[in-house]
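Student: What follows is the residue order along each chain.
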Amino acid sequence: MQEKLVEFANLLRENGVRVSLAETLDAFSASEVTGLSERDAFRAALRATMVKRASELPVFEELFDIYFSGLGEIIKQASQAVQNALSMSDQEFQKFLDQVEKMLQKEGKNLSELARQLLQNNSGEMERKIREASRAVKLNGIERTIEENYFARALARQLGLDKIEAEIKELREQLEKMDIGSELKAKMEEYLERRLKALDDIIRRYVRMEREKRDIKQKEDQRLNQIGEKSFYYLTEEELKKMNEAVTRLAQRLKNVITVRRKRSKKGRFDIKRTLRQNLKYGGVPFKLRFEKRKKEKPQVVILCDVSDSVRNASRFMLQFVYSLQDLYSRVRSFIFVADIGEVTECFRNNDAKEALDVALTGDIINVYAHSNFGYAFRNFVTDHLGAVNKRTTVIVLGDARNNYNLPHDWCLREIRQRAKKVIWLNPESRNTWGFGDSEMDRYAAHCDLVEECRNLNQLYRVVDRLVAG
Amino acid sequence: MFSSIEDVIERFAKNNYIASRRIATVIYLATELRKPVLVEGPAGVGKTDLAKVLAASLGFDMIRLQCYEGLDEGKALYEWEYAKQLLYTQILKDKISEVLVGAKSLTEAVDRIAAQDEVFFSERFVLPRPLLKAISSEQPSVLLIDEIDKADAEFEAFLLELLSDFQVTVPELGTLKAKHIPLVVLTSNNAREMSDALKRRCLHLYIDFPDRVQELAIVKLKVPEAATKLAEEVVTVVQSLRKLDLKKTPGISETLDWVKALTLLNVNSLDQELVTETLDTIVKYEGDVRKAQEELKDYVRRVRARRGTEAGSDKDLLN
Ligand SMILES: Nc1ncnc2c1ncn2[C@@H]1O[C@H](COP(=O)(O)OP(=O)(O)OP(=O)(O)O)[C@@H](O)[C@H]1O
Ligand SMILES: [Mg+2]
Numbered sequence: 001m002q003e004k005l006v007e008f009a010n011l012l013r014e015n016g017v018r019v020s021l022a023e024t025l026d027a028f029s030a031s032e033v034t035g036l037s038e039r040d041a042f043r044a045a046l047r048a049t050m051v052k053r054a055s056e057l058p059v060f061e062e063l064f065d066i067y068f069s070g071l072g073e074i075i076k077q078a079s080q081a082v083q084n085a086l087s088m089s090d091q092e093f094q095k096f097l098d099q100v101e102k103m104l105q106k107e108g109k110n111l112s113e114l115a116r117q118l119l120q121n122n123s124g125e126m127e128r129k130i131r132e133a134s135r136a137v138k139l140n141g142i143e144r145t146i147e148e149n150y151f152a153r154a155l156a157r158q159l160g161l162d163k164i165e166a167e168i169k170e171l172r173e174q175l176e177k178m179d180i181g182s183e184l185k186a187k188m189e190e191y192l193e194r195r196l197k198a199l200d201d202i203i204r205r206y207v208r209m210e211r212e213k214r215d216i217k218q219k220e221d222q223r224l225n226q227i228g229e230k231s232f233y234y235l236t237e238e239e240l241k242k243m244n245e246a247v248t249r250l251a252q253r254l255k256n257v258i259t260v261r262r263k264r265s266k267k268g269r270f271d272i273k274r275t276l277r278q279n280l281k282y283g284g285v286p287f288k289l290r291f292e293k294r295k296k297e298k299p300q301v302v303i304l305c306d307v308s309d310s311v312r313n314a315s316r317f318m319l320q321f322v323y324s325l326q327d328l329y330s331r332v333r334s335f336i337f338v339a340d341i342g343e344v345t346e347c348f349r350n351n352d353a354k355e356a357l358d359v360a361l362t363g364d365i366i367n368v369y370a371h372s373n374f375g376y377a378f379r380n381f382v383t384d385h386l387g388a389v390n391k392r393t394t395v396i397v398l399g400d401a402r403n404n405y406n407l408p409h410d411w412c413l414r415e416i417r418q419r420a421k422k423v424i425w426l427n428p429e430s431r432n433t434w435g436f437g438d439s440e441m442d443r444y445a446a447h448c449d450l451v452e453e454c455r456n457l458n459q460l461y462r463v464v465d466r467l468v469a470g
Numbered sequence: 001m002f003s004s005i006e007d008v009i010e011r012f013a014k015n016n017y018i019a020s021r022r023i024a025t026v027i028y029l030a031t032e033l034r035k036p037v038l039v040e041g042p043a044g045v046g047k048t049d050l051a052k053v054l055a056a057s058l059g060f061d062m063i064r065l066q067c068y069e070g071l072d073e074g075k076a077l078y079e080w081e082y083a084k085q086l087l088y089t090q091i092l093k094d095k096i097s098e099v100l101v102g103a104k105s106l107t108e109a110v111d112r113i114a115a116q117d118e119v120f121f122s123e124r125f126v127l128p129r130p131l132l133k134a135i136s137s138e139q140p141s142v143l144l145i146d147e148i149d150k151a152d153a154e155f156e157a158f159l160l161e162l163l164s165d166f167q168v169t170v171p172e173l174g175t176l177k178a179k180h181i182p183l184v185v186l187t188s189n190n191a192r193e194m195s196d197a198l199k200r201r202c203l204h205l206y207i208d209f210p211d212r213v214q215e216l217a218i219v220k221l222k223v224p225e226a227a228t229k230l231a232e233e234v235v236t237v238v239q240s241l242r243k244l245d246l247k248k249t250p251g252i253s254e255t256l257d258w259v260k261a262l263t264l265l266n267v268n269s270l271d272q273e274l275v276t277e278t279l280d281t282i283v284k285y286e287g288d289v290r291k292a293q294e295e296l297k298d299y300v301r302r303v304r305a306r307r308g309t310e311a312g313s314d315k316d317l318l319n
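Chains as they are written, first to last, in the numbering used here: chain A, 1 to 470; chain B, 1 to 319.
Hints in this document: simulated from the structure, not taken from any laboratory. Computed from a predicted model, the values in this text were never measured in an experiment. Glycine is no exception: its CB is placed at the ideal position from the N, C-alpha and C atoms. You may find that some hints are simply not true.
Under the rule of at most 25 angstroms between Cα atoms (straight-line distance), these lysine-lysine pairs were calculated in the PhoX-like manner [unchecked claim]:
#	chain 1	residue 1	chain 2	residue 2
1	A	Lys354	B	Lys150
2	B	Lys199	A	Lys4
3	A	Lys109	A	Lys187
4	A	Lys106	A	Lys187
5	B	Lys291	A	Lys354
6	B	Lys84	A	Lys354
7	B	Lys14	B	Lys150
8	A	Lys76	A	Lys187
9	A	Lys138	A	Lys213
10	A	Lys129	A	Lys169
11	A	Lys106	A	Lys163
12	B	Lys222	B	Lys14
13	B	Lys52	B	Lys260
14	A	Lys197	A	Lys185
15	A	Lys354	B	Lys247
16	B	Lys248	A	Lys354
17	B	Lys243	B	Lys260
18	B	Lys14	A	Lys354
19	A	Lys4	A	Lys109
20	B	Lys14	B	Lys260
21	A	Lys185	A	Lys102
Computed footprint of chain A on chain B; a stretch qualifies when at least three of its residues, placed anywhere within it, have a C-beta under 8 angstroms from a C-beta of chain A [said to hold, decoys possible]:
#	stretch
22	23-30
23	196-203
Using the sequences and the hints, build the whole thing.
Tutor: Okay, structure coming up:
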C-alpha cells in the first residue's frame, strides 16, 4: 500500500497538488486507521492528509477515481461482461464458477498463476499482478495515443499472455474429453474463450486509462504555462479572474516571508536603565517595567500605478496586486495616474477588491480617459504628495512610460529617489520596445534602482522573489 | 475516544450535530492519530460548532481561543503579573528582613533570599490565557483556535511551534509540558491562506454548504417546532440563493435564523410578502437583497408555471 500511496502522491504532484513526504506518510497512517475496504472512509482519509487547499480538491477527486477505482473497476466490468455474455444471473454465475473451480482442480494443475486467477475471477490478485507488470514496462511513461498499442503489447508480453493463451487452449482440449454434460461443456468452452478475451480487454483499457491520466496533467500544465506566460494585454475575463487569485496569493507569500524574517529578530529585552529612571518616583521600586522597543521595520511602500488605456489589462491586474499588498500591510499608499494623479489608499481600504478596482478605473478619482502624461503626474506628485516618501519608503512605479511626447520631467523622479529608500519601475511592455516612439523608459530608468519588464505572471513572480530577497 | 467512524456519527447526532461520513472520518482520524484538524469553509457551515460538539461527545473540556488581528502571545498564552509580584515583595518586606537577620555577609544574605526563590517566581503570578490553560489542564480537552485566518501571520508562526511539542517555556518558571495533549481544532474562513507549514501539520477538512437533504435534516434537528412544509420551502429557497453570486452567501446559521423567525411568526408556509419582509434575515447586503429578490421572483414564476392553472391567489406565490 505504501508504494501505491507514494505513486499516488507523485501523481498528485504532477498535477500541481503540493504533497510533501510527511503528508504521504500521514496518508499511510490514516489509511491504516480507516482500512481500505471502505472506499468513502479511505478516500476521506487521503483527502484530509494529502490535500490542504480547497481549490485542489477537484483534481484530487478526479485522480482518486482514476487511480484507486481505475484498474479494479475495469477488471470488475470485464468480469461482468463475461457473465452477461453467458446470460447468467448472479446466482447462476456463482454456481457456475464453483463448477469451474472443480474442473480446474482436476485439469488445471499446470496452469500459471495468472491464468488460474483469471478463470477463478480473483480480481484482487489480478489487479496486483497487472500493476506489477505495468511498473516493469514503465507504463507511467506513456504520453501519446499512438503509444497505446506499443504499451498494450509490452504489458501483454510481460504478463505472459501467449502462455496463458496456450494454456487455455490446452484446457479446452482436455475439456473435450471430460465427462460432463454437453450443455455445461459448451458453457465452459464459451467461458474460457470469453475470459481470454477479457484479459486482452483489460490490458487495453488499462493502458488507455493510464494515458488519459497523463493527459490531464498535460492539459493542466499547458493551461498554467499559458496563463503564466501570456501577456497581460491579451487575457480573457476568465483568465483575469484566475490571475487575480494568483496575484493575491503572491502578495500573501511576500508577506509570509517578511513576517518570518521579522519574527526571528524578535522581542524587546528588559530595559534596566529606563525602568529605573521611570520608577524613581516610586522610590526606586520598579512598579512599571520598561522593555526595549522592538524595532519594527515595517516596510513602507508607495505605489504609483499607471491606469491609462494603453495598459488597461495590465493595470487592472497591477491594481489587484496593489490592492492585495495594501490589504496585507498597514503602510502602503497607493496612487493612480494617467495625467492627473490621485490617491486611492482609502478607497482600497474601504471597499472589496472588485469595487475598489471599479472605482479606481471608472474615473471618479482621476480622469482615466485623458492622454498619458507621466511628466505631469510626477510633477504633481512631487508638489502634493512628496511627504508620503521618506528614507524607509520603497516607491514602485507601474507603467509603460509612454508619455505622448509630453515633457518627461524626469527630475521629479530624481527628487523622489533622493528621499526614498528605493525606486522600482515595473513595465508591462516588452523590453525591446522601450525607448522607441514616445517611450521615455530609458530616461526614467536613470533614476530607478531597478527596472523590470513585467508582462506576465511569471515575471511578476520573479520580481516579487527579488523584492523579497533584497 | 471513539470506537469507529459510525460511533462519531452517532455521538455527534446525540449532541445535535449531523456529521457527514467525510466529517466523521476526519474527526475519527484526528482522535486516532492525535493530529490537529484545520477546518475551512464558508461562514456558517458549522465549523465552530464542530469543535464544541467534539468536546461534548467526548466529555472533554472545551477551551476556546478566538483569534483577531493583533492577537499576540500575551493574550493567547499567558501574562506575567509583574505588578502583583511587586506588591507581594513590598508587603513581604518585613518578612524578608526577618530572613536576613544575622546574615554575616552579603553573599550569605543573597543565598538566604535565593533559598526562598519559589515564593517570588511561582505560578501564582502567571495569568493563564487559553493556550496555557489547554497545556496545563488536568482534564483532557479540545482546544478550539477559532478563525485563525484573522490572526497575523506572525502569530501563526508562534502557534506552529506550540503545536509541534505542546510545551512552553515561561522564563520565570521553566518549561511546562502538557499533561494531556489537547485535541486541536483550528477554523478558518479563508480570509488569508494559512502557511504550508501549518497545513502540513494538520488534517484538512473542507466543509461546504450542505445539500438539500442534509440541510433539511439539520433544520428539523435544530428547530423541531417548525412546520415541515415551511422548513422544506426555506431550505429550497436558501439553496437556490446560494447559486447566486452574492457578496455574502447565506450559511446554515442564516437558514436556521430564518426558520426560527418565521416559526415565531406562526408561519406555516412562505408567501411573497413574507419573503420580502424577512429576506434580510438571510441576506445582509443591499445589493444581495436585490439580487435575491430577482431570483425569487423567477423562482416563484417557475413554480407557478409548473403548477399550471392550479396557482391560487396572488399572495400564495411559493406554493
Ligand atoms: N451539521 C450540522 N448539524 C447541526 N447543526 C449545524 C450543522 N452545521 C451547522 N450547524 C449549525 O449552524 C450554525 C452555524 O454554525 P457555526 O457557527 O459553527 O458556523 P461556522 O462555520 O463556525 O461559521 P463562521 O465562519 O461564521 O464562524 C450553528 O447554529 C450550528 O449549530
Ligand atoms: Mg465560527
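Student: A separate judgement is required for each hint: does it hold in the structure or not?
Tutor: Here's how the hints hold up against the structure:
With a C-alpha separation of about 21 angstroms, the suggested pairing of Lys354 of chain A with Lys150 of chain B holds against the 25 angstroms cut-off. With a CA separation close to 23 angstroms, the supplied pair Lys199 of chain B and Lys4 of chain A stays within the 25 angstroms bound. Restraint check for Lys109 of chain A and Lys187 of chain A: satisfied, since their Cα atoms lie roughly 21 angstroms apart, inside the 25 angstroms limit. For the suggested pair Lys106 of chain A and Lys187 of chain A, the alpha carbons sit about 18 angstroms apart, so the restraint of at most 25 angstroms is met.
For the hint pairing Lys291 of chain B with Lys354 of chain A, the CA-to-CA distance comes to about 17 angstroms; that is within 25 angstroms, so the pair holds. Distance hint between Lys84 of chain B and Lys354 of chain A is unfulfilled; the C-alpha atoms sit about 51 angstroms from each other, more than 25 angstroms. For the suggested pair Lys14 of chain B and Lys150 of chain B, the alpha carbons sit about 32 angstroms apart, so the restraint of at most 25 angstroms is broken. With a CA separation close to 20 angstroms, the supplied pair Lys76 of chain A and Lys187 of chain A stays within the 25 angstroms bound.
Proximity of Lys138 of chain A to Lys213 of chain A is assessed by CA-CA distance (about 14 angstroms); at most 25 angstroms being required, the pair is judged to hold. Distance hint between Lys129 of chain A and Lys169 of chain A is fulfilled; the C-alpha atoms sit about 22 angstroms from each other, no more than 25 angstroms. A threshold of 25 angstroms between alpha carbons decides the hint, and for Lys106 of chain A with Lys163 of chain A the separation of about 20 angstroms falls inside it, so the pair holds. For the hint linking Lys222 of chain B to Lys14 of chain B, the alpha-carbon distance of about 12 angstroms falls within 25 angstroms, and the restraint holds.
For the suggested pair Lys52 of chain B and Lys260 of chain B, the alpha carbons sit about 22 angstroms apart, so the restraint of at most 25 angstroms is met. Proposed proximity of Lys197 of chain A and Lys185 of chain A is supported: the alpha carbons are some 19 angstroms apart, at most 25 angstroms. Annotation: proposed proximity of Lys354 of chain A to Lys247 of chain B holds, straight-line Cα distance about 11 angstroms (limit 25 angstroms). Distance restraint check for Lys248 of chain B and Lys354 of chain A: the Cα-Cα separation of roughly 14 angstroms lies within the 25 angstroms cut-off, and the hinted pair is therefore satisfied.
Distance check on the hinted pair: Lys243 of chain B and Lys260 of chain B sit about 23 angstroms apart at the alpha-carbon level, within 25 angstroms; holds. For the hint linking Lys14 of chain B to Lys354 of chain A, the alpha-carbon distance of about 44 angstroms lies beyond 25 angstroms, and the restraint is violated. For the given pair, Lys4 of chain A sits about 32 angstroms from Lys109 of chain A by alpha-carbon distance, which is inconsistent with the 25 angstroms threshold. For the given pair, Lys14 of chain B sits about 21 angstroms from Lys260 of chain B by alpha-carbon distance, which is consistent with the 25 angstroms threshold.
Under the criterion of a C-alpha separation no larger than 25 angstroms, the hint pairing Lys185 of chain A with Lys102 of chain A is consistent with the structure, at around 13 angstroms. For the stretch 23-30 of chain B, the assignment as covered by chain A holds, since 4 residues bring a beta-carbon within under 8 angstroms of that chain's beta-carbons and 3 suffice. Three residues within the 8 angstroms Cβ limit are the bar, and the stretch 196-203 of chain B against chain A gives 5, so the coverage statement holds.
Violated hints, listed in ascending order, are 6, 7, 18, 19; each of the other numbered hints is respected by the structure.
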